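A.B. asks: Chains as they are written, first to last, in this note's numbering: chain A, 1 to 245; chain B, 1001 to 1263.
To be clear, the hints were calculated from the coordinates, so they are not data collected in a lab.
The structure presented is a predicted model; accordingly, all values stated were derived computationally and were not measured.
Built from N, CA and C at the ideal position, the CB exists for glycine as well.
Heads up, some of the hints might be wrong.
Unchecked claim - Derived lysine-lysine pairs resembling DSSO-like cross-links, with alpha carbons at most 27 Å apart:
hint, chain 1, residue 1, chain 2, residue 2
1, B, K1067, A, K88
2, B, K1186, B, K1062
3, B, K1188, A, K179
4, A, K88, B, K1129
5, B, K1116, A, K7
6, B, K1062, B, K1043
Claimed, not checked - From chain B, some residues computed to sit far from chain A (all C-beta separations above 10 Å):
hint, residue
7, E1083
8, G1095
9, E1210
10, K1232
Stated by the list, open to error - If you want the ones that stay clear, here's a sample from chain A, every Cβ over 12 Å from chain B, calculated:
hint, residue
11, D10
12, G13
13, P62
14, R94
15, R104
16, D166
17, F210
18, E245
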Amino acid sequence: MNEKPEKLIDKKGSRLDGRKADELRPIKIELGVLSNADGSAYIEHGKNKILAAVFGPREMHPKHLSLPDRMVLRCRYHMAPFSVQERKSPAPSRREVELSKVIRESLEPSVFVEYYPRTGIDLFIEVLQADGGTRCASITAASLAIADAGIPMRDLVVACAAGKIDDTVVLDLMDTEDKLGVADVPVAYMPNLNAVTLLQMDGILAPDEFEQAVNMAIEGCKKIYVMQKEALKTKYMDVKEEVEE
Amino acid sequence: MSSLITRVRQKQIGQLIETGKRLDGRGLRDYREIKLEQGLIEKAEGSARVLLGKTEVLVGIKVETGKPFPDTPNEGVQTVNAELVPLASPTFEPGPPDENAIELARIVDRGIRESKAIDTEKLCIEPGKNVFVVFVDVWVLNHDGNLIDASALAAVAALLNTKMPNYEIKDGEVKIKHGYTPLPIKSKPITVTIAKVNDKLIVDPWLEEEQIMDARISMAINEAGNICAVQKGCAGYFTRQQVIEATKIAQEKAAEIRKKLDW
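Looking at chain A on its own, in the form it has when it is part of the complex (with noise of 0.2 Å):
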C-alpha cells in the first residue's frame, strides 16, 4: 500500500496526479471491438479499462420475463478479479448488483423500449481494472454499446464524477482522491434532453457544495459527450471506407 499524501490537493490548484481542479482524465473511447456481440465498446477513462457488450433485441430468456409492450433491459456490471489491488471475488458483490441496476436505470430513458416489444436486450458491462468512477465509465461505454448496435436512442447517455478533496470540489476523482476525499457525486446526463439519469452520492456536502458538484459533473459530461460522438463517427468513418474500397 502506498503511504497516506497529506494533501490531495497543493496550494496551486494542483492534484496527484498533476490535474487541476475541473480537469478530466485522459479519455480513450473505441466502439465495435467485439465481433460476437450485437454492440460493443471499450473505454480507457484515466486507469480505468472497460469493455461493455449489447447482445439484442432477442428473445427473452426465461420466456416469461418478457413484456407485451416494450422491451426489458437487462444489466450486468461485473469486475474482474484482478481489476483491484486486493483480489476480487468473481461472484457478483452486493455493491456490483447495485450498480447494475442503477447503470440499467440510467441507459433505460434513453432507449426507445416500446420499438421492440416481447424482447429484451442483455448489457454486459465487464470492468478489467478500476480506479475510481467505474459506474460512470461503464455507462459513457455502455450507452456506445446500444448505439452500436443500432438500437433507436433518444440521446446519448454521458456520466462523469465530481467530488469534494480536501477543500475543494473537483471533476472526475480517482481511486485515491475517492477513498481519501470528502465525497463522491457520479452524475449520469443527456445533453440533448437536460436530463439527469443517474445521481448518487457519499459523503458529506454542503448544499452549495452539492450544486457546485452537480454542475461541474454535468460540465464534465459534457466534454465526454463529444468525445463520445467523435469515436461513434470514427467507427462509421471506417464502415465507409470499407465499403468504398
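For this one, chain A is given, so just place chain B on it according to the hints.
C.D. replies: For chain B alone, coordinates are given in the frame of chain A:
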C-alpha cells in the same frame, strides 16, 4: 416489484398531482403520519418500528464481537441487511435478497455510514484484532410505498435504542461482562425521498404513486442540513433544475421531521 393498477387509476393519480392534490388528501409536500416505537424486541440489543402511513418497517440490531477490516483496524464494523419479507406484499417472494432489497439496504447503510452516525472508533476493543460489529437488519413488514424513508428512520431510531455489552479482556480473550452501555451515536441523519410524477415533485410517495412515478431521489440530511448520501432510482430522469429543487425540499422536510421527533 410492481403489482398492476388500472390505466384509469394511473391517469387519475397523475392528473390530480398536476393540480397539486393527491388521492389520499395530502398536499404534494406532505408526509404521511409517522409513528415511532423503540425497544420492542427484548432479545435484540436495539430495535425500533416505524409506521409511515400503512408502511411498516421493523429494525433489529444485534451487536457481536468480530474482526475489523484491515484498512480500518481501530474501527468497529457496521453492516446493514434488508429483507422484503413475503408477508409484506403480494409482490415479494421468498428467497435471497433481490436487487430491490440490496439497493434498500445499501441506501440505509450509506445514510448511516456517511453521516458518521455510529462512532465506530469507540467500538474498538483491541486494534486490528477485536471490535464490535453492529448488525442492522431491516425487516419490511408491510409495503405501502416509500420503504427507503421508513427503513432509514427505523434504522437510526433502533441505533439510538441500542446498548453495547460490557466486556473485559482476560488472558488475551474478550469476556462479556454483566451490564450494558449505550451505543455511541454522533449523528442522526434523516432520509427524504422525492418522486417525480407527471413532471411534479412530491414527497413520500405511497404504493400507487410509486407505481406511476418516473423517478425518485432519496437524500440523507444531517443535523447541520448537509447532504450525506444521495440515490436516484427508477428508469426516468430529473432535469438539473429539478435536482436542485429536490435538495431544497429534502432539507426542508428533514428539518420538519427532526423537529417533530425532537432529534
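A.B. asks: Run every hint past the structure and note whether it holds.
C.D. replies: Results of checking the hints against the structure:
As the CA atoms of K1067(B) and K88(A) are separated by approximately 19 Å, the hinted pair is consistent with the 27 Å bound. Between the alpha carbons of K1186(B) and K1062(B) the distance comes to roughly 19 Å, so the proposed pair stays at or under 27 Å and holds. At most 27 Å may separate the alpha-carbon atoms for a hinted pair to count; K1188(B) and K179(A) meet this at roughly 23 Å. Only pairs whose Cα atoms come within 27 Å are accepted, and K88(A) paired with K1129(B) is accepted, the gap being roughly 23 Å.
Distance hint between K1116(B) and K7(A) is fulfilled; the C-alpha atoms sit about 22 Å from each other, no more than 27 Å. Taken as a hint, the K1062(B) and K1043(B) pair is honoured in the structure, with Cα atoms around 9 Å apart against an allowance of 27 Å. A cut-off of 10 Å between C-beta atoms confirms that E1083(B) is not in contact with chain A; the least separation is 14 Å. For G1095(B), the condition that its CB be more than 10 Å from all CB atoms of chain A holds, with the nearest at approximately 14 Å.
Against chain A, the non-interface label of E1210(B) holds: every CB pair exceeds 10 Å, the least being about 14 Å. At roughly 4 Å from the closest C-beta of chain A, the C-beta of K1232(B) falls inside 10 Å, breaking its exclusion from the interface. Every Cβ of chain B is farther than 12 Å from the Cβ of D10(A); the closest lies at roughly 25 Å, confirming the non-interface assignment. With a least CB separation of 24 Å from chain B, G13(A) remains clear of the 12 Å interface cut-off, as annotated.
Residue placement check: P62(A) keeps its beta carbon more than 12 Å from all beta carbons of chain B (closest about 15 Å). Chain B draws R94(A) into its interface by the beta-carbon criterion, the shortest separation being 5 Å against a cut-off of 12 Å. A beta-carbon of chain B comes within 12 Å of the beta-carbon of R104(A); the shortest separation is about 8 Å. For D166(A), the requirement that its beta carbon stay farther than 12 Å from each beta carbon of chain B is met, with the minimum near 17 Å.
The beta carbon of F210(A) is not kept farther than 12 Å from every beta carbon of chain B, the shortest such distance being approximately 5 Å. Its beta-carbon lying about 42 Å from the closest one in chain B, E245(A) satisfies the requirement of being farther than 12 Å from that chain.
The earlier numbered hints that this structure contradicts are 10, 14, 15 and 17.
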